[in-house]
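Asker: If you want the building blocks of each chain, they are given just below.
Protein chains: 2
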Amino acid sequence: MIDRLIEGIKKTGAPIVVGLDPTLKLIPEQITKKYFEEMGETPEAVAEAITEYNRGLIDAVYELVPAVKPQIAMYEAFGIPGLVAFQKTVDYAHEKGLLVIGDIKRGDIGSTSEAYARAHLGKIKVGSKEFPGFSEDFATVNPYLGTDGVKPFTDVCREEGKGIFVLVKTSNPSSGEFQDREIDGTPLSKLVAEKVVEWGSELIGKNGYSAVGAVVGATYPEQGRLLRSVMPKSFILVPGYGAQGGKGKDLAYFFNKDGLGAIVNSSRGIIGAYQQEKYAEYGAEGYADAARAAVLDMKEDIAQALA
Amino acid sequence: MIDRLIEGIKKTGAPIVVGLDPTLKLIPEQITKKYFEEMGETPEAVAEAITEYNRGLIDAVYELVPAVKPQIAMYEAFGIPGLVAFQKTVDYAHEKGLLVIGDIKRGDIGSTSEAYARAHLGKIKVGSKEFPGFSEDFATVNPYLGTDGVKPFTDVCREEGKGIFVLVKTSNPSSGEFQDREIDGTPLSKLVAEKVVEWGSELIGKNGYSAVGAVVGATYPEQGRLLRSVMPKSFILVPGYGAQGGKGKDLAYFFNKDGLGAIVNSSRGIIGAYQQEKYAEYGAEGYADAARAAVLDMKEDIAQALA
Numbered sequence: 001m002i003d004r005l006i007e008g009i010k011k012t013g014a015p016i017v018v019g020l021d022p023t024l025k026l027i028p029e030q031i032t033k034k035y036f037e038e039m040g041e042t043p044e045a046v047a048e049a050i051t052e053y054n055r056g057l058i059d060a061v062y063e064l065v066p067a068v069k070p071q072i073a074m075y076e077a078f079g080i081p082g083l084v085a086f087q088k089t090v091d092y093a094h095e096k097g098l099l100v101i102g103d104i105k106r107g108d109i110g111s112t113s114e115a116y117a118r119a120h121l122g123k124i125k126v127g128s129k130e131f132p133g134f135s136e137d138f139a140t141v142n143p144y145l146g147t148d149g150v151k152p153f154t155d156v157c158r159e160e161g162k163g164i165f166v167l168v169k170t171s172n173p174s175s176g177e178f179q180d181r182e183i184d185g186t187p188l189s190k191l192v193a194e195k196v197v198e199w200g201s202e203l204i205g206k207n208g209y210s211a212v213g214a215v216v217g218a219t220y221p222e223q224g225r226l227l228r229s230v231m232p233k234s235f236i237l238v239p240g241y242g243a244q245g246g247k248g249k250d251l252a253y254f255f256n257k258d259g260l261g262a263i264v265n266s267s268r269g270i271i272g273a274y275q276q277e278k279y280a281e282y283g284a285e286g287y288a289d290a291a292r293a294a295v296l297d298m299k300e301d302i303a304q305a306l307a
Numbered sequence: 001m002i003d004r005l006i007e008g009i010k011k012t013g014a015p016i017v018v019g020l021d022p023t024l025k026l027i028p029e030q031i032t033k034k035y036f037e038e039m040g041e042t043p044e045a046v047a048e049a050i051t052e053y054n055r056g057l058i059d060a061v062y063e064l065v066p067a068v069k070p071q072i073a074m075y076e077a078f079g080i081p082g083l084v085a086f087q088k089t090v091d092y093a094h095e096k097g098l099l100v101i102g103d104i105k106r107g108d109i110g111s112t113s114e115a116y117a118r119a120h121l122g123k124i125k126v127g128s129k130e131f132p133g134f135s136e137d138f139a140t141v142n143p144y145l146g147t148d149g150v151k152p153f154t155d156v157c158r159e160e161g162k163g164i165f166v167l168v169k170t171s172n173p174s175s176g177e178f179q180d181r182e183i184d185g186t187p188l189s190k191l192v193a194e195k196v197v198e199w200g201s202e203l204i205g206k207n208g209y210s211a212v213g214a215v216v217g218a219t220y221p222e223q224g225r226l227l228r229s230v231m232p233k234s235f236i237l238v239p240g241y242g243a244q245g246g247k248g249k250d251l252a253y254f255f256n257k258d259g260l261g262a263i264v265n266s267s268r269g270i271i272g273a274y275q276q277e278k279y280a281e282y283g284a285e286g287y288a289d290a291a292r293a294a295v296l297d298m299k300e301d302i303a304q305a306l307a
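First to last, the protein sequences are chains B and A. By this note's numbering, the letter at position 219 of the first sequence is numbered 219, and the numbering carries on one by one without gaps. By this note's numbering, the letter at position 6 of the second sequence is numbered 6, and the numbering carries on one by one without gaps.
What the hints contain is simulated information worked out from the structure, not anything from laboratory work. Every value quoted in this text rests on a predicted model; they were computed, and no experiment measured them. Note that beta-carbon positions come from the ideal geometry of N, C-alpha and C, so glycine has one too.
Below, in silico cross-link-like pairs of lysine-lysine (DSS-like), each with a Cα-Cα straight-line distance of 27 Å or less:
no., chain 1, residue 1, chain 2, residue 2
1, B, Lys-151, A, Lys-25
2, A, Lys-299, A, Lys-278
3, B, Lys-299, B, Lys-257
4, A, Lys-125, B, Lys-88
5, A, Lys-151, B, Lys-25
6, A, Lys-25, B, Lys-125
7, A, Lys-33, B, Lys-129
8, A, Lys-33, B, Lys-125
9, B, Lys-123, B, Lys-96
10, A, Lys-129, B, Lys-88
11, B, Lys-25, A, Lys-129
Residues from chain A that face chain B, not an exhaustive set, calculated with beta carbons under 7 Å:
no., residue
12, Val-46
13, Ala-73
14, Lys-105
15, Tyr-116
16, Phe-131
17, Ser-174
Could you build all of it, start to finish, from the sequences and the hints given here?
Answerer: This is how it looks when you write it as structure tokens:
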């Protein structure tokens with residue numbers, strides 16, 4: 001799957017993933033209003049609104065980027081109907097040829113991690129039959145429990161040709177509280193990065209990159225530079241660009257000299273572009289076109305950083 | 001909620017939580033067979049089987065223990081129907097007066113953690129209305145992202161009177177890979193424990209315990225002893241007893257001198273008791289009675305350890 005991601009990046013020229021993190025504040029009013037009138041102010045109505053909103057976004061960007069990254073928390077927040085909307089979003093992205101990175105940040109002890117891995121990247125086995133699970137192509141994984149919490153994910157990656165991104169250095173302000181602490185002079189995040197290399201060592205694709213990638217926040221470019229060198233064969237999923245403060249010029253640190261090795265996420269900056277002054281001309285009705293314009297601007301911003 | 005948990009432990013005399021971690025191997029054949037015949041070998045049939053299995057278990061143990069702990073991965077493994085079974089299990093446990101610890105191990109950056117916190121411990125806000133979420137009483141939380149990933153959970157705990165258990169030292173074999181690494185002579189798990197104290201410092205209940213507890217595995221009793229002393233006002237949720245190898249005599253380390261401060265989880269050891277030689281007399285039909293007998297034996301084992 002990492003090879004399909006690389007092919008997608010080459011084809012579009014955009015090492016960009018669009019974060020589909022819907023909140024009620026981001027969904028244009030004409031969409032929520034329609035479903036609230038039809039179904040009342042209910043989680044089911046929100047789920048329908050999310051689904052329509054996401055379809056509009058996917059239609060607008062599917063030719064421009066290789067992948068989308070729905071953040072499952074934003075769907076789980078609306079209970080079962082929200083998770084149905086998550087499933088529909090994954091399915092629709094696949095229909096349009098997009099890869100899907102499930103931002104699920106799961107991680108548990110062995111047998112439990114296996115359940116998560118099968119749910120999101122594998123198949124549901126029931127007696128003699130198999131059913132699709134949520135069917136993302138990649139998932140984000142929390143490393144705090146160590147190798148036996150990650151191995152079930154890499155096992156499923158091997159079986160199903162899928163990939164993961166392990167949290168190494170997250171984009172949030174307090175990520176350093178534990179991740180930056182030094183163990184014999186080495187930050188914890190670097191120790192995790194070394195494990196990422198180990199976990200992916202037998203899952204190298206034909207383009208030379210491993211199925212085990214890493215999450216490193218755009219908000220920490222210096223650490224991005226260090227971690228890039230520690231994990232030369234791991235793709236880095238870079239959150240924190242745009243709304244969280246990560247800047248285009250800093251992104252170069254996350255890429256390898258081949259121009260590959262990183263994929264940058266933007267969520268609010270794209271899906272809520274119509275609410276920004278810069279794209280205000282599109283209005284709420286033009287939210288999808290505004291998202292498209294924001295993707296094109298982001299593509300240019302990254303190209304300049306890499307030039 | 002921590003006060004309700006303490007009252008429940010005092011009333012039952014059992015600092016025990018029953019882990020409701022259903023897998024197809026654990027559910028008695030008469031239950032799966034019934035639903036497979038009716039609905040085919042489908043995730044929907046598994047979900048019905050899980051729901052019936054759990055109801056039988058809850059009916060058998062609700063007067064003996066204060067709480068149950070469904071592991072959401074085992075439900076998520078069966079997709080949307082599995083998560084519906086999770087919801088029904090939480091609701092049925094509540095009907096029977098049990099507290100519910102959602103073993104969800106979520107954790108993300110601020111706004112995303114807030115979505116998880118509201119989904120599991122808070123309410124779903126839709127326009128002017130509020131709906132119940134999954135409505136657990138406690139949730140387990142992963143600390144890797146630091147304070148701003150945990151604070152949304154403690155905020156919701158304050159608003160809703162709920163509680164969390166933060167992963168400090170997990171029960172699995174490779175938990176030491178990162179958690180035991182020493183930072184200036186202090187293991188990472190102890191640094192996390194110190195943060196648990198800080199995060200809970202303004203959420204102390206009337207029994208003197210904080211709404212922010214910790215997860216420390218029964219498989220590491222020496223570390224349990226250390227971490228118990230670091231977090232005197234935090235309840236410790238102790239997984240790893242029984243099937244994972246944790247022994248009764250080691251449990252004393254996790255308790256305070258008041259006989260409180262810990263609640264021990266057993267999952268397979270109770271819900272799959274009927275498959276063990278010791279409880280074989282009950283047979284698959286008597287799985288709930290076998291679970292009841294296993295709870296009583298565990299209660300005795302812990303009482304001896306604390307004597």
